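Colleague: What follows is the residue order along each chain.
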Amino acid sequence: MTISRKCVPFTPFDRELSKSTIAIVTAGGVHLKDQEAFNIADELGDLTYREIPPDVDSSQLMVTHHHYDHSDADEDINVVFPIDVLRDLESEGFIGGVAKKHIGYMGYTMQLKAMYEGTAHEIANEIDRGSRADAVVLTGG
Amino acid sequence: MKGIPTVLITVSPEVSAQMRPPRALYPKGFKIGNSLGRPGMRDLQKKVLCDALNLMTQNTRPGEVVTIEYPEYGEQYEPPHVKTLR
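Here the protein sequences line up with chains A and B, keeping their order.
Here the first sequence is numbered in the numbering used here, starting from 1 and rising by one per residue.
Here the second sequence is numbered in the numbering used here, starting from 1001 and rising by one per residue.
No lab work stands behind these hints, which were simulated from the structure alone.
Nothing here was measured: the structure is a model prediction, and the numbers come from that model.
For each residue, glycine too, the CB sits at the ideal point set by N, CA and C.
A hint or two may mislead.
[What the hints assert, rightly or not] Here are the simulated distance ranges between beta carbons:
| hint | chain 1 | residue 1 | chain 2 | residue 2 | range |
| --- | --- | --- | --- | --- | --- |
| 1 | B | GLN1018 | A | LYS19 | 29 to 35 Å |
| 2 | B | PRO1062 | A | SER59 | 36 to 42 Å |
| 3 | A | GLU16 | B | PRO1062 | 16 to 22 Å |
| 4 | B | GLU1072 | A | ASN125 | 35 to 41 Å |
Work the whole structure out from these sequences, hints included.
Modeller: Dropping the structure here:
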């Protein structure tokens, strides 16, 4: 499937938030401490991504990214990956649930075509098939 | 693939607008690395996330970045601008 660069790939949202499951996809280089870190030594960027479970202890998350100051995220990961906030919104009934899978990747690459045609599709498939998300919140660094 | 509704929270609105995101929120003046606010500011983080999610149900214009101000964030920062080639 080829994505047009000329139109906005808008998908309507025809549900109620209070009955919807939400996933987070972040380009902020977030991953679990026991997952392989992103390869910041590669000047072309790292095209891989990490799956993050919904029940993750946010203190077990970290950032590997050398193109923004992530000292605030090191202190509180929710400033770029609001998983605790999302769980709060679920307990308050604002959203229906937290998706089964969330994604972190390093949003810096010199390999734009590979990111656009490869990694982006892989992440979309992970969310589409594996997370049961009705909608996705995207964050950068 | 039928598509997945998304909303972007960006602190680089000019840069993000070039990709014409379907829905996007710019919390005005937040610095890079503070997409949801500052560390420990859970009420602010929640407000930003709720505002982003609410864009899902509002009649936004695809490709447009919606700016919302959050005075409680404190000191404001200038976002990066797109460099044009001469």
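Colleague: Would you mind marking each hint as holding or not holding in the structure?
Modeller: Right, here's what the structure says about each hint:
1. The given range of 29 to 35 Å is respected by B:GLN1018 and A:LYS19, whose C-beta atoms sit roughly 34 Å from each other.
2. For the pair B:PRO1062 and A:SER59, the supplied restraint of 36 to 42 Å holds, since their beta-carbon distance comes to about 37 Å.
3. Separation of A:GLU16 from B:PRO1062 is about 21 Å and conforms to the stated range, judged on CB atoms against 16 to 22 Å.
4. For B:GLU1072 and A:ASN125, the Cβ-Cβ distance of about 38 Å falls inside the hinted range of 35 to 41 Å, so the restraint holds.
Checked against the numbered hints listed earlier, the structure breaks none of them; every hint is satisfied.
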